[in-house]
Amino acid sequence: MANEVLVLAEQRDGNLKKISLELMGIGAELAGKLGADLTAVVIGNGVEGLAKTLGAAGARKVYVGETSEKNYNTEIYTQAVSDLIKQAQPQIVLAGATSLGKDLAGRVAARVGAGLATDCTELRIENGKLVMRRPVYSGKAYVELESTASPAMASVRPNTYGPAAQDASRSAEVVKIDVKAATPRAVVKETLKIAGDKPDLTEAEIIVSGGRAMKAAENFKILHELGDVIGATVGASRAAVDSGYAPHSMQVGQTGKVVNPKLYFAVGISGAIQHLAGMRTSKVIVAINKDPDAPIFQKADYGIVDDLYTVVPLLTQEFKKLLAE
Amino acid sequence: MTFPPAASRRESRRRTPERRGAAGRASEAEVKIVVILKQVPDTETKIKVKADGSGIETDGIKYVISPYDEYAIEEGLRMKEKLADDSTVTVVSVGPDRAIEAIRTALAMGADDAIHVNDPGLEGGDSLATARVMAKVIRDHGFDIIFAGKQAIDLDQAQVGSAVAELLDIPQVNVVAKFELAADKTKATVSRRIEGGEEVIEVSLPALLTCEKGLNEPRYASLPGIMKAKKKPVKQVDLAALGLGAAEVGAAGSHVKILKWLPLPERQAGKVLKGMETAAAVKELVRLLREEAKII
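Protein chains in written order, with our numbering: chain G, 158 to 482; chain V, 182 to 477.
Hints in this document: simulated from the structure, not taken from any laboratory.
Even for Gly, the Cβ is constructed at its ideal location relative to N, Cα and C.
One or more of the hints may lead you astray.
Stated by the list, open to error - What follows is a set of in silico ranges between Cβ atoms, one per label pair, in the way DEER data are often shown:
#	chain 1	residue 1	chain 2	residue 2	range
1	V	GLU361	G	GLY192	49 to 55 Å
2	V	LEU264	G	LYS346	20 to 26 Å
3	G	ASP448	V	ARG471	22 to 28 Å
4	V	SER385	G	GLU375	22 to 28 Å
5	G	PRO470	V	LEU264	51 to 57 Å
6	V	ASP266	G	LYS350	35 to 41 Å
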């Protein structure tokens, strides 16, 4: 087993995703504790340039796999990463708990026999071993696991760790890896962009979510206006989605998205246990609700008991003033 | 980990197109649809971690079909109904005695038959150990397409689907929100949800798809459905019948070990502004976010 912590860096359209630098941040910490080398692998079309960024972020070595295809492909990426793991034998492999990371990590772990914990919210070294903490029951409890196989593998929830510091004086050795262009049995034909220019809920730093009290799809407009001013992505509770006020892709909660922002506004959301499950790791929670007895106030850091239709537009105005200063 | 060689894997699929043709039966084009199902605590459940951190208190928990698995069942049933031939929907579940309730519910929704893998030796198995069991029974049963939930809502690992696909050497598409079978039944076009959008994927069959909310609206079991379900065949499989060694399943066959369970740190209720002039409350909230929380 090599003394190596390997990060599966994720990119889209040749741009490194934020999660990749977050993984480099925690990867450096773990590697430091183990006295191991931090390395990264990046696969895609025209991605060699990303080795520079990963090097500046602390990678000793960057494995680069060039593909002719722009799109992610489970089978091709799995083969390339599995081959690399078998050859480099890292003791820890880190991926993002993103749609790509989860898809790839699950398949790779099954192929190489890694001990995988998904969607981790804390990683640490204890007695020379990786301890992986992750939420279960949609965040109603946690478990801590260790791998009994090698490598230990973890996918890490976005926004859990800060990005690695960039130091342009550091650079990585670039190692080209072979990406076999086998004929895959599942191929991405097209990628459809649904959301606007806002980050996805799972990656957003600020979220404004509306609940049943929004009463109609049109009323989400005031949440979008607030979101535009503070750079927030708009979400919804299950009650709002099931009432047809918002699409399922906007749902936060146990049967929707699990989010981890710095700031979460729950607007007209009572705070059902399933909703809390999806957003309780938010660093700061703000509740706006007419009902002073709404359970959400038990979990919120700040709350306003008042009518959301008057509060939200005023809040938008106030932030606009503040941010113009 | 031991995998069977690729050749035997392919053979163990129900039959090749050539063999279908040779069989020459009227039902030669029927599709074997398999749905993977897990019984889990209802989403309303308040989870309480045992004081010694060894697990959760299970008293009084109401168990249901994992919500994402309901989309898998529904999609399997819709596919069968659309095909309108002798295609079958078989539910496969690994779980203790109580899992039969979830299996019966799936049969009441319309699945044809089920396989219930139940053995004390399977306890403590992680996703990979469970996937090994699933893959074995599914391979023995035969399959053309496998539907699963995108994750079970108890441990939320979202690993079993990919691992089963890997062990069966078939492609996977995770988090499917749209599914359409091609007319020749050799492939499907599916949409997979990703951050801020969807990937449209063409996948050849056999394949494993994990289902997302929005794929369909699962039906309720009808009363006649519930009556019929009582008579539908449920094959009980234990470790001996499974043909897997004790070292391949349960805790022994696992690659991760739970060290301990932890309760959630309770969030302290914070500052609630009430009975104030709205404008003053809003100003105060912004000030708190700026100066106290230092977040904006």
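Results of checking the hints against the structure:
Between GLU361 of chain V and GLY192 of chain G the CB atoms are about 52 Å apart, so this pair conforms to the stated range of 49 to 55 Å. A C-beta distance of roughly 24 Å is found between LEU264 of chain V and LYS346 of chain G, which places it inside the suggested range of 20 to 26 Å. Here the CB-CB span from ASP448 of chain G to ARG471 of chain V is close to 27 Å, well matched to the stated 22 to 28 Å. For the pair SER385 of chain V and GLU375 of chain G, the supplied restraint of 22 to 28 Å is violated, since their beta-carbon distance comes to about 43 Å.
For the pair PRO470 of chain G and LEU264 of chain V, the supplied restraint of 51 to 57 Å holds, since their beta-carbon distance comes to about 53 Å. For the pair ASP266 of chain V and LYS350 of chain G, the supplied restraint of 35 to 41 Å holds, since their beta-carbon distance comes to about 38 Å.
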